[in-house]
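> Residues per chain are reported as follows:
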Amino acid sequence: MIFFQTEDLSIRFGGVLAVNSMSFGVDKGEIFTIIGPNGAGKTTIFNLISLIYRPTSGRIFFEGKDLTKNRPSDVARHGIARTFQNIELFEHETVLKNMLVGRHLKRRTTLWEQALFLPKVRREEIMHRDAVEKVIDFLDLQHYRDSVVKNLPYGVQKIVELGRALCTEPKLLLLDEPSSGLNVEETDDMAFWIEDIKKDLGITVLMIEHDMSLVNRVSDRVLAVNEGCVLASGTPAQLVAHPDVIAAYLGTGENDK
Amino acid sequence: MLNQVLQLALSGVAIGSVYGLIALGFVLVYKATEIINFSQGELMMLGAFAGFTFVSLLGLPYWVSFILSIAFMFLIGVLLDLIVLRRILGHSAFSIIMVTIGFGYFMRGIVSMIPAWGTDTYNLPTPFSGSVLRFGGLALSGEYLSVIVMTIIICVILFCFFKWSRVGVAMQASSQNQLAAYYMGIPVRRVNTLTWGICAAAATFAGILLAPITFVHSNMGFVGLKAFPAAVLGGFGSLPGAIAGGIIIGLIESFSGFYLPEGIKDISAYVVLLIVLVIKPNGLFGERLTKKV
Amino acid sequence: MRFIFKTDYDQDIKLFKHAGAKFWYAVLLAVAIAAPAVLGKYYISQLSFICIYSIAGVGLMLLSGYAGQISIGHAAFLAVGGYTEAIAVKMGLPFPLSLILSFIVAGLIGIIIGLPAIRIKGIYLAIATLAFNFILEEVLVRWSSVTGGNNGLMLDHAKLFGVAFKSTDSFYYLSLAILVIVIVGVLNLLRSFTGRSFVAIRDSQISAQSMGVDLAKYKTMAFGLSAGITGIAGSLYAYKIRFISPEQFGVMVSIELLMMIVIGGIGSLHGAVFGAIFFISLPELISLVKNYLPEAIANQAGLQPTIFGFILICVVIFQPEGIYGWWIKIRSYFEMFPFYRKATFKRTKTFMKSDRLS
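Residue numbers (this note's numbering), protein chains in the order written: chain A, 7 to 263; chain B, 75 to 367; chain C, 21 to 378.
Hints listed in this document are in silico derivations from the structure and should not be mistaken for laboratory results. Every value quoted in this text rests on a predicted model; they were computed, and no experiment measured them. We put the CB at the ideal spot given by N, CA and C, even for glycine.
To give a feel for the contact side, a few chain B residues facing chain C, derived at Cβ under 10 Å: (1) 169; (2) 180; (3) 182; (4) 193.
Put together the whole structure using the sequences plus the hints.
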């Protein structure tokens with residue numbers, strides 16, 4: 007059983023076929039990167055996987071289960087978490103509260119128990135806070151804990167979003183351009199974190215990325231897409247040398263001669 | 075029987091045209107600035123009072139008063155934008171709605187305090203009060219006829235304005251993409267001010283046309299709440315849709331007032347609104363208000 | 021200047037973040053309890069109204085301030101609460117049970133309204149709630165066999181175990197007690213997953229879903245809870261006025277409730293209470309100022325809505341956090357004295373963020 011797989015996934019917006027019969031699979035424990043020019047449909051694929059968009063045709067399989075007809079809030083329940091290209095944090099809340107929302111699926115208390123704030127609820131809150139603190143330590147967000155997200159710099163917001171996704175204890179993590187807006191050092195940190203996520207946390211990572219050095223450094227396999235279709239797939243080294251990918255995305259370097 | 079139906083249809087179209095006119099100003103402002111103007115009804119009320127003042131209190135001829143009222147209210151709309159609305163540009167949609175609600179409340183209070191106006195109900199005499207047009211067994215009162223005719227005239231004027239005049243085209247551009255409009259040299263803030271002026275003018279039209287039918291009083295603005303179902307039915311983004319929505323509401327009210335039990339008429343617009351929203355959450359021809367992530 | 025050094029997760033979880041807060045709220049409670057000994061009947065009666073409107077404000081704040089679903093029809097839930105109470109008591113149900121019934125009935129109707137609200141968003145939802153308010157008002161008028169139509173219904177005093185809350189003071193204590201219970205309950209929700217889910221839905225529906233928050237469930241829950249709480253306020257209101265009729269629950273009341281919580285300060289329960297205090301005190305304040313105004317303006321009935329609208333506009337433009345925000349500034353001034361700087365609270369300039377697709 008392939009860990010995660012799409013089968014002939016397509017979506018049409020009016021006259022535009024944004025994603026055209028895409029099929030690819032991700033193995034458990036690997037870091038799988040999707041690259042491609044802007045407008046190639048990469049984020050649309052993510053939106054399809056999170057079921058924000060309903061595919062026009064095709065199916066999505068995760069751990070053998072067909073997820074295609076589920077609701078968006080079910081995706082997280084199955085163990086898939088994601089970050090967004092243009093940050094979608096709860097901007098009026100603190101970093102801590104944002105990440106506590108990530109623990110939502112692990113809650114074990116009912117509405118009325120919470121309204122009465124029974125000791126059981128207090129114990130649960132402490133337990134979840136503990137789990138969140140582990141992620142905060144992992145990402146070095148300690149001094150931002152109580153800051154309202156709206157006031158944080160863009161790079162830090164991206165890291166908070168990563169943290170929030172990690173709090174859901176996912177099996178598969180979708181990262182949409184994790185290094186965009188980050189400077190060289192922050193990108194370096196991000197690379198370490200992604201590797202740690204794979205090695206220490208055992209989470210499979212599916213990411214979209216433009217920064218080729220980051221792609222080369224962390225990815226196990228790469229998929230190149232263009233105009234909604236798959237161009238090529240393989241190891242980073244194979245893809246960088248692939249003529250179609252070079253033509254569509256990486257540049258032929260002819261003008262440099 | 076057919077006569078009955080046609081008669082009801084006529085009065086429905088007439089009253090619906092007024093709703094449509096109110097909705098028109100409302101949708102105009104929304105398209106340009108994404109502001110939901112909850113004080114549209116009060117603007118209409120103020121316009122009606124302006125008309126009343128010019129005609130009954132100052133004794134000016136009807137058509138002169140009409141034009142003066144529109145000019146006066148245009149100014150009010152402009153002032154509203156300059157003094158209040160420019161300061162809340164950039165605030166959340168909710169805050170802006172609250173400001174318009176506050177403004178509506180404020181206007182209603184002020185109107186009831188002005189000595190010549192107060193809380194009484196006034197009549198606005200028109201050249202066509204009391205006249206009745208009869209054709210083919212149907213009767214249409216002068217007031218209703220004037221409403222239909224004036225609405226058609228306004229729509230034609232606005233259509234030409236938006237299609238052919240520079241300002242009109244600029245307004246359309248600004249409403250579709252503010253940033254691009256700025257880049258093209260369109261003075262967006264001035265265009266917005268102009269939009270508010272036109273919105274208030276449109277409300278005045280509706281108010282003066284409505285005045286012979288509902289009479290002029292400080293609670294007239296509640297009729298403006300009917301603009302919402304009209305705008306939703308027509309889809310928030312469309313000007314012809316607003317008129318169409320208004321007419322549909324007018325027809326529904328007219329027929330339900332006659333055929334259905336008492337009281338249903340007043341809420342028929344809202345029942346239809348709820349039904350439409352449940353089936354099509356973005357209105358009949360509405361734009362999809364989803365965010366792109 | 022107070023710095024809280026945290027050594028314990030509990031410090032973030034508790035309701036009172038430091039001993040000082042506990043002290044001052046205790047003082048506030050003591051003052052509230054001692055009030056009847058000091059103030060006359062009229063002022064106690066006004067305090068009861070403040071409690072009732074605070075409860076309604078908390079209900080509306082939960083839905084519109086925290087869950088972000090704007091409702092311009094909340095007076096409908098006041099009506100449901102009030103009428104359920106009146107009818108239940110007429111049928112012999114004892115007071116505490118009738119209050120719970122009002123909560124349940126209003127809550128259920130809130131859930132029914134909330135169901136279509138799942139798909140309807142933003143301004144369309146606000147207009148739908150407006151439509152619902154109109155329709156309910158008409159239903160109350162037409163269904164005269166149950167509701168007494170335009171003649172309304174009358175109520176006796178609330179009775180707990182046979183003892184009637186007849187006096188102004190006793191009813192005041194009753195409303196105060198219920199207000200405290202409601203506030204504590206809502207605060208508990210806000211510091212748990214339910215409250216956080218509401219805020220998540222307000223700030224980013226899409227990412228809330230991707231965290232596993234079931235939109236349908238939480239939106240209807242927000243509507244239901246908010247409606248139920250407002251229903252309780254309605255019940256108390258019915259006992260206070262002892263007579264309810266459909267015209268007391270029109271759209272104007274809904275709009276006034278919304279204006280009230282915005283002036284009080286949207287986004288905090290303090291705002292609901294401050295808003296209620298402002299709303300009930302406004303007529304008083306106006307009569308105080310009347311003596312200094314020229315005759316022509318002072319005696320007008322229209323003065324109150326004019327001032328109400330004007331203050332709302334000023335609040336939104338100059339002080340969006342409302343009276344509570346103003347209170348925070350004053351408090352900070354004294355806490356930080358003499359280091360207070362206006363720039364602490366300066367807002368960054370925001371630009372219009374289009375809600376439309378492109």
